[in-house]
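2 protein chains.
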Amino acid sequence: MVNKLIEKIRKTNAPIVVGLDPMMDYVPSFIKEKAFKEYGETLEGAAEAFWQYNKGIVDAVYDLIPAVKPQIAMYEQLGIPGLVAYKKTVDYCKEKGLVVIGDIKRGDIGSTSAAYATGHLGNIQIGANTYAGFDEDYATVNPYLGSDGVQPFIDVCKKEGKGIFVLVKTSNKSSGEFQDQIIDGNRHLYELVGEMVDKWGEQLVSEGSSYSSVGAVVGATYPEQGKILREIMPKAMILVPGYGAQGGKGKDLTHFFNKDGLGAIVNSSRGIIAAYKQEAYASYGEAGYADASRAAVIAMKEDIASALA
Amino acid sequence: MVNKLIEKIRKTNAPIVVGLDPMMDYVPSFIKEKAFKEYGETLEGAAEAFWQYNKGIVDAVYDLIPAVKPQIAMYEQLGIPGLVAYKKTVDYCKEKGLVVIGDIKRGDIGSTSAAYATGHLGNIQIGANTYAGFDEDYATVNPYLGSDGVQPFIDVCKKEGKGIFVLVKTSNKSSGEFQDQIIDGNRHLYELVGEMVDKWGEQLVSEGSSYSSVGAVVGATYPEQGKILREIMPKAMILVPGYGAQGGKGKDLTHFFNKDGLGAIVNSSRGIIAAYKQEAYASYGEAGYADASRAAVIAMKEDIASALA
Chain A
41 MVNKLIEKIR KTNAPIVVGL DPMMDYVPSF IKEKAFKEYG ETLEGAAEAF
91 WQYNKGIVDA VYDLIPAVKP QIAMYEQLGI PGLVAYKKTV DYCKEKGLVV
141 IGDIKRGDIG STSAAYATGH LGNIQIGANT YAGFDEDYAT VNPYLGSDGV
191 QPFIDVCKKE GKGIFVLVKT SNKSSGEFQD QIIDGNRHLY ELVGEMVDKW
241 GEQLVSEGSS YSSVGAVVGA TYPEQGKILR EIMPKAMILV PGYGAQGGKG
291 KDLTHFFNKD GLGAIVNSSR GIIAAYKQEA YASYGEAGYA DASRAAVIAM
341 KEDIASALA
Chain B
41 MVNKLIEKIR KTNAPIVVGL DPMMDYVPSF IKEKAFKEYG ETLEGAAEAF
91 WQYNKGIVDA VYDLIPAVKP QIAMYEQLGI PGLVAYKKTV DYCKEKGLVV
141 IGDIKRGDIG STSAAYATGH LGNIQIGANT YAGFDEDYAT VNPYLGSDGV
191 QPFIDVCKKE GKGIFVLVKT SNKSSGEFQD QIIDGNRHLY ELVGEMVDKW
241 GEQLVSEGSS YSSVGAVVGA TYPEQGKILR EIMPKAMILV PGYGAQGGKG
291 KDLTHFFNKD GLGAIVNSSR GIIAAYKQEA YASYGEAGYA DASRAAVIAM
341 KEDIASALA
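As given, the protein sequences belong to chains A and B, one line each in that order. Just so we're aligned, residue 41 is where the first sequence starts under my numbering, counting upward by one. Just so we're aligned, residue 41 is where the second sequence starts under my numbering, counting upward by one.
Treat the hints with care, as some may be off.
Treat identical chains as interchangeable: a pair holds within one or across any two.
[What the hints assert, rightly or not] No more than 30 Å apart at the CA atoms, straight line, and that leaves these computed lysine-lysine pairs for BS3-like: (1) 299 - 239; (2) 341 - 51; (3) 267 - 48; (4) 48 - 289; (5) 213 - 239; (6) 289 - 51; (7) 341 - 127; (8) 127 - 77.
Because the hints were derived from the structure by calculation, they are not lab data. Small disclaimer: the values here were computed from a predicted structure and weren't measured.
Turn these sequences into a full structure, and let the hints guide you.
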């Protein structure tokens, strides 16, 4: 899967992921009103509003970007109808040719981790038939349970040509509480996790590529740690959240990339999907929310390109 | 929620959780055949088989136990229809008066963790109406992202009278890769996480109780660590997986309990729900699978009682 991702990054010249993390406050009134008229003020109505909102954004930006990252929590808060909207969003983005990174942060052990991997990246045999549950291209994975939790994902990735991004150093303020602890008196926990990502990644490097389909999540808000982790995990694509709304800037991103200009893909969620709520894009108004998102993607692309130049 | 859990443990005299983690191999043929006849060999058919299988077990054991722990991964592997079966299982167990621990191992940051908490433990306002997504009583939470990831769950628990179990030392073989690392040269990462659980727990101790609705997950397979963690987290109910099929025995469990005889609740999944596949219960046959589960619960109750005596 990493080859497909890199090919799309090269083609769009944009190491950018748009985070499809809808919140009701972001969804323009005209979309909500239509959805509620059809489905009532219900979970189904809210889920329909999320889906129509996403569709508008995807239609407006899909030609500019290689990938999207729907955050499943936002859909899961609406229960089953929300997850139906998540699935619709995944399917639609794949139809549009985008690489879909399911931001699911799952992680368990043995057969349970295998079940998550099957549900999100794999196929399940039922009698004589084969089905896919959610069928994202990539999933994010939490490493706290160790190799037992990660290996089942890698096994499914091998079989299905999919990939994972393992949480290493997350973008949030308190990420250091555990991740920054000093291990053995010589390095941080996130460095040890990075070493494991590098090791796990050996299993998913395809011929002729210098990258693995085992990637890592490292927050834009921690550029110094990004620099260290870039060296520890040379084969890993780094998925970088925290750009924009969380405070990360283009210049913070340079260390996340390798010398080949690849190796990182930067996520922005709110900054793109709710761009019309920012002063800079206010002139688009609610009706032009999707065009505002397109303008924000173009600005982000330029910000990153100039930082990397 | 911890008060309700303790009351039910006292009433049943059984610090036991039955893990409702269905796998197709466990489901008796007559259930699968009926489900496939009605829904075809589809995700819906498999989900119906899981649900009917669960219902049989719950009907057979609900009067003996305080709580169940459905593992959402097993349902998630069947995509949306699987999650519908998960929701049905949660609702049915609550109808039967059981405390439902959603084994979801979620964990993210800020608004995203809040969305998971809302979806699983809380309520969401849509227009003039309020809805619950999955509405479990407890959820398991992954701590790797730090307080930013856990606090939103605690906030929802406060509001809704719910609880969480935070992963501290998991039952699997490789759990030590990160959890056993020595921090600051003086203690293990799992001890630091335990200290945080104790601290987080202060927010959810109800009047007149010595326990908090912030509990911890510590595997039966690590009794020595259980002893240490019992001291670090005196207020935490410890959810103990790894008994039975994973190798934990009754005698390994004593250290997980406080001197009041409370403080832990021991999970068994396969050992109960697939009891009819064990030699000891083979005489029940497929048709008697639920009665075999009942017999296995009684045996587990006796094993734990004699270990604690």
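Now for the hints, and whether the structure bears them out:
1. With identical chains, the CA atoms of residue 299 and residue 239 are at most 30 Å apart within one copy only, with a shortest distance of 21 Å there and 44 Å across copies.
2. In this assembly of identical chains, residue 341 and residue 51 lie within 30 Å of each other by CA distance solely inside one copy; the values are 13 Å within and 62 Å between copies.
3. In this assembly of identical chains, residue 267 and residue 48 lie within 30 Å of each other by CA distance solely inside one copy; the values are 24 Å within and 52 Å between copies.
4. With identical chains, the CA atoms of residue 48 and residue 289 are at most 30 Å apart within one copy only, with a shortest distance of 23 Å there and 52 Å across copies.
5. In this homomeric assembly, residue 213 and residue 239 come within 30 Å of each other (Cα to Cα) both inside a single copy, at 28 Å, and across copies, at 18 Å.
6. In the homo-oligomer, the alpha carbons of residue 289 and residue 51 lie at most 30 Å apart inside one protomer (24 Å), although the nearest pairing across protomers, at 57 Å, exceeds that limit.
7. Taking the shortest alpha-carbon separations for residue 341 and residue 127, only the intra-copy value of 28 Å comes in at or below 30 Å, while the best inter-copy value is 42 Å.
8. Within a single copy, residue 127 and residue 77 get their C-alpha atoms as close as 22 Å, and across copies as close as 26 Å, so both meet the 30 Å cut-off.
Checked against the numbered hints above, the structure breaks none of them.
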